[in-house]
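J.: Now for the letters of each chain:
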Amino acid sequence: MFADLGKYLGNAGTRAQIADHLVEHVYLSLLPIVFAVLLAVPLGWACHRYRPLRGALIGVANVVYTVPSLALFVIIPAVAGTQILWPGNVIIALTVYTTALLIRPVAEALDAVPDHVVAAATAMGYRPLPRFLTVELPLAVPVLAAGVRVGSVSNISLVSVGAIIGSGGLGVLFTDGFSRRYLAPILVGIVLTLALALVVDLLLVALRRALTPWTRAQGVSVA
Amino acid sequence: MKRTLAVVVSAAALLLSACGSSDSLGGGEDSGSGGGQIVVGSADFSENKILAEIYAGALRNAGLDATTKQNIGAREVVVTALQDGSLGVVPEYSGNLLTFFDKANELTTSEEVYAALGEKTPDGLTVLDKAEAEDKDVLVVTRETAATGIASIEDLAPRCGEFVIGAAGEWETRWKDELAELYGCTFKEFKATDAGGPITVDALKNGESQVANLFTTSADIAANDFVQLADPKNMYPAQNVVPLVRDAAVNDRGRAALNEVSAALTTENLAELVKRVDVDKETPADVAANFLQQNGI
Amino acid sequence: MIFVDVWVWLSDPENWSGAGGIPARVGQHLLYCLAATAFAALIAVPLGLYVGHTGRGGVVLVGGGNAIRALPTLGLVTVLYLVAGGGTVPVLIGLVVLAVPPILAGTYAGVQDVDRGVVDAASGMGMTDAQRLWQVELPNALPLLMGGVRNAMLQVVATASVAAYVGLGGLGRPLLDGLRVLDYGQLVGGALFVALLAVLLDLLLSVVQRLVVPRGLRLAPASAARRRVRRGVDDSSPQKLVATAGQPDSGGSRA
Numbered sequence: 013m014f015a016d017l018g019k020y021l022g023n024a025g026t027r028a029q030i031a032d033h034l035v036e037h038v039y040l041s042l043l044p045i046v047f048a049v050l051l052a053v054p055l056g057w058a059c060h061r062y063r064p065l066r067g068a069l070i071g072v073a074n075v076v077y078t079v080p081s082l083a084l085f086v087i088i089p090a091v092a093g094t095q096i097l098w099p100g101n102v103i104i105a106l107t108v109y110t111t112a113l114l115i116r117p118v119a120e121a122l123d124a125v126p127d128h129v130v131a132a133a134t135a136m137g138y139r140p141l142p143r144f145l146t147v148e149l150p151l152a153v154p155v156l157a158a159g160v161r162v163g164s165v166s167n168i169s170l171v172s173v174g175a176i177i178g179s180g181g182l183g184v185l186f187t188d189g190f191s192r193r194y195l196a197p198i199l200v201g202i203v204l205t206l207a208l209a210l211v212v213d214l215l216l217v218a219l220r221r222a223l224t225p226w227t228r229a230q231g232v233s234v235a
Numbered sequence: 018m019k020r021t022l023a024v025v026v027s028a029a030a031l032l033l034s035a036c037g038s039s040d041s042l043g044g045g046e047d048s049g050s051g052g053g054q055i056v057v058g059s060a061d062f063s064e065n066k067i068l069a070e071i072y073a074g075a076l077r078n079a080g081l082d083a084t085t086k087q088n089i090g091a092r093e094v095v096v097t098a099l100q101d102g103s104l105g106v107v108p109e110y111s112g113n114l115l116t117f118f119d120k121a122n123e124l125t126t127s128e129e130v131y132a133a134l135g136e137k138t139p140d141g142l143t144v145l146d147k148a149e150a151e152d153k154d155v156l157v158v159t160r161e162t163a164a165t166g167i168a169s170i171e172d173l174a175p176r177c178g179e180f181v182i183g184a185a186g187e188w189e190t191r192w193k194d195e196l197a198e199l200y201g202c203t204f205k206e207f208k209a210t211d212a213g214g215p216i217t218v219d220a221l222k223n224g225e226s227q228v229a230n231l232f233t234t235s236a237d238i239a240a241n242d243f244v245q246l247a248d249p250k251n252m253y254p255a256q257n258v259v260p261l262v263r264d265a266a267v268n269d270r271g272r273a274a275l276n277e278v279s280a281a282l283t284t285e286n287l288a289e290l291v292k293r294v295d296v297d298k299e300t301p302a303d304v305a306a307n308f309l310q311q312n313g314i
Numbered sequence: 134m135i136f137v138d139v140w141v142w143l144s145d146p147e148n149w150s151g152a153g154g155i156p157a158r159v160g161q162h163l164l165y166c167l168a169a170t171a172f173a174a175l176i177a178v179p180l181g182l183y184v185g186h187t188g189r190g191g192v193v194l195v196g197g198g199n200a201i202r203a204l205p206t207l208g209l210v211t212v213l214y215l216v217a218g219g220g221t222v223p224v225l226i227g228l229v230v231l232a233v234p235p236i237l238a239g240t241y242a243g244v245q246d247v248d249r250g251v252v253d254a255a256s257g258m259g260m261t262d263a264q265r266l267w268q269v270e271l272p273n274a275l276p277l278l279m280g281g282v283r284n285a286m287l288q289v290v291a292t293a294s295v296a297a298y299v300g301l302g303g304l305g306r307p308l309l310d311g312l313r314v315l316d317y318g319q320l321v322g323g324a325l326f327v328a329l330l331a332v333l334l335d336l337l338l339s340v341v342q343r344l345v346v347p348r349g350l351r352l353a354p355a356s357a358a359r360r361r362v363r364r365g366v367d368d369s370s371p372q373k374l375v376a377t378a379g380q381p382d383s384g385g386s387r388a
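Protein chains in written order, with this note's numbering: chain E, 13 to 235; chain X, 18 to 314; chain D, 134 to 388.
Take the hints with a grain of salt, since some may be wrong.
Only pairs whose alpha carbons sit at most 20 Å apart, straight line, appear in this in silico SDA-like list of lysine to any residue [stated by the list, open to error]:
#1 X:298 - E:195
#2 X:137 - X:116
#3 X:86 - E:35
Calculated directly from the structure, the hints in this document are not laboratory data. Everything numeric in this text was worked out from a predicted model, so none of it was measured.
Work the whole structure out from these sequences, hints included.
T.: Shown next, in the form of structure tokens:
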């Protein structure tokens with residue numbers, strides 16, 4: 013087995029290809045996170061601000077999150093009118109999932125911002141938008157970060173499924189290995205996927221700490 | 018609710034298209050006119066990858082700048098990428114390519130298919146010389162089944178009712194009626210497996226099916242001592258390997274190099290190359306370089 | 134237009150009969166999913182109760198669960214197929230493997246989440262260890278436990294369609310077979326059935342959840358949540374993360 017792995021990884025061309033797949037995997041799984049945060053913050057705010065919207069949006073999010081990925085990968089192009097084998101469909105699908113995942117925590121985190129904090133900020137002369145961006149949103153960061161961590165782990169694992177519809181990423185190692193009955197590429201793919209998930213998770217934890225200096229200063233968090 | 022979903026989706030699409038130009042999703046830098054870099058594309062199976070590497074190597078040896086882009090996917094995508102300039106050359110198979118360009122095609126012999134292909138290929142694309150090498154559908158049985166007196170589909174026909182066939186899902190729609198009409202063969206059961214991959218082979222090996230639809234260059238046939246059944250009535254169309262090129266991408270020097278490859282490719286040496294990748298786990302690039310060297314291309 | 138192709142596929146009576154017909158595929162898919170989730174529950178619920186009750190091995194359990202959540206399902210099923218040399222059974226084992234962690238996490242978090250005061254009161258009333266587990270901790274753990282089961286079911290429905298790639302029957306078949314020849318009707322039609330099955334199964338389990346969770350418990354969380362919001366309690370502690378990960382609308386593992 014180890015001899016097999018050594019032979020497989022011993023080839024420079026193979027290593028270069030694996031690196032390409034890894035890079036593809038990174039942007040296919042992480043771009044959706046960025047898009048989803050950009051979408052979930054305004055949508056979550058809307059849920060927080062307008063109660064009637066809340067039930068509807070969160071209901072839709074729950075249903076969307078129930079749809080299996082392979083199915084969503086091919087339903088998206090049917091709904092959005094994009095080409096069925098375009099790799100961007102995977103990015104759209106994962107953006108939809110991650111947004112669905114984040115809306116509720118964002119809304120609840122905004123709900124949890126203490127009224128007196130908002131009142132104090134208003135009294136200090138903050139207009140609504142700057143107040144949202146500099147006071148309420150930062151206070152929601154710990155919850156948002158928790159959601160983003162769950163989303164990134166699941167996206168990194170889901171991108172592999174996209175190899176079935178030809179979208180690239182580390183999943184290609186699984187289809188290649190399977191068709192040649194060759195375990196080496198599959199094992200390399202699994203290990204790299206797990207390693208990527210771990211590294212991204214650590215980076216997200218570091219990012220959250222950098223964005224919420226006060227949680228360290230006080231030794232407690234105030235979501 | 019539906020509208021909310023539509024908004025989410027279209028917003029995501031918008032965001033995506035806004036930054037779509039800078040990422041590499043489209044896969045298409047200009048692979049250029051005769052003087053630029055020629056991108057050779059391939060589908061996602063070993064043989065096609067090897068052929069793409071061979072074509073790229075031959076072009077490089079002819080003094081041109083060539084690279085490969087593997088795993089592009091289905092024929093529809095590959096041909097579109099060829100037409101929009103993302104690709105310059107792809108290794109293709111005459112019968113399937115002809116059916117793709119002309120859905121009504123019923124020709125099956127090697128010469129007829131190749132001649133028709135020349136006419137049906139859209140403007141801007143050209144099919145170069147065909148190789149003798151063929152990777153066509155073939156029905157196979159185990160050595161034990163063959164020993165009961167089955168060497169061709171004609172021998173098989175009277176006993177089809179006893180057998181289960183394992184083949185890719187599309188086989189049933191495409192060939193079931195044809196097989197009944199031409200040979201009078203109707204199988205007891207059709208089992209959807211994969212296109213000549215491990216699932217089809219394992220099903221035949223462990224007796225879940227007694228007949229399997231594989232492809233002539235498959236390394237599994239020799240490895241498992243399967244017997245290929247003759248197709249005297251030419252039900253399955255010829256599938257000679259042909260380079261499909263975009264006219265603007267490949268000059269005469271490049272075309273001559275690709276034709277040299279076709280002249281050297283036989284079904285036997287192609288099957289050997291596939292075996293080296295699928296069974297011996299060599300890389301398509303190494304196997305291709307070796308082939309070019311041996312044939313002095 | 135793709136929806137026209139889907140309609141053509143759906144309205145062809147041939148697609149509704151035989152071993153490859155839609156009802157047969159739905160039946161197969163349903164059977165795989167129910168069997169895998171039931172097996173997983175048989176393993177995960179007792180284990181989760183044990184760990185939650187005794188408090189032993191909780192860290193290992195949370196860590197292991199997270200690692201499995203990151204496991205790419207396509208990689209798992211291809212490895213299992215190749216190692217076992219083919220067949221349906223190894224793939225079904227893969228489904229069970231993926232269904233265990235959500236149920237385990239839900240059960241464990243459910244037991245952990247029981248108010249310490251309630252547990253102490255039970256002991257104070259003279260309940261034995263076993264009585265406390267069966268009469269106090271288990272009923273109180275049911276909402277999160279059922280959340281874990283729903284999560285596991287979604288995971289299995291999704292993975293079973295991916296597993297069509299290694300030859301499993303069920304609703305992944307029309308999807309993958311349609312993909313190979315770019316028959317959009319069959320491809321998207323198959324996908325719609327997978328999506329519909331997932332949504333319906335989740336709905337069904339949510340009804341089951343309503344039926345099995347004691348009435349008093351259904352009222353309590355609502356007021357507890359209100360209290361939590363007012364007090365501004367941090368919701369991102371590791372234990373809470375497990376708890377929320379056990380609910381479908383806050384994202385467990387997916388395939």
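J.: If a hint holds in the structure, say so; if it doesn't, say that too.
T.: Evaluated hints:
1. X:298 - E:195: holds (11 Å)
2. X:137 - X:116: Since the Cα atoms of residue 137 (chain X) and residue 116 (chain X) sit roughly 10 Å apart, the hinted pair holds (cutoff 20 Å).
3. X:86 - E:35: Distance of about 15 Å is within 20 Å: holds.
Of the numbered hints listed earlier, not one is contradicted by the structure.
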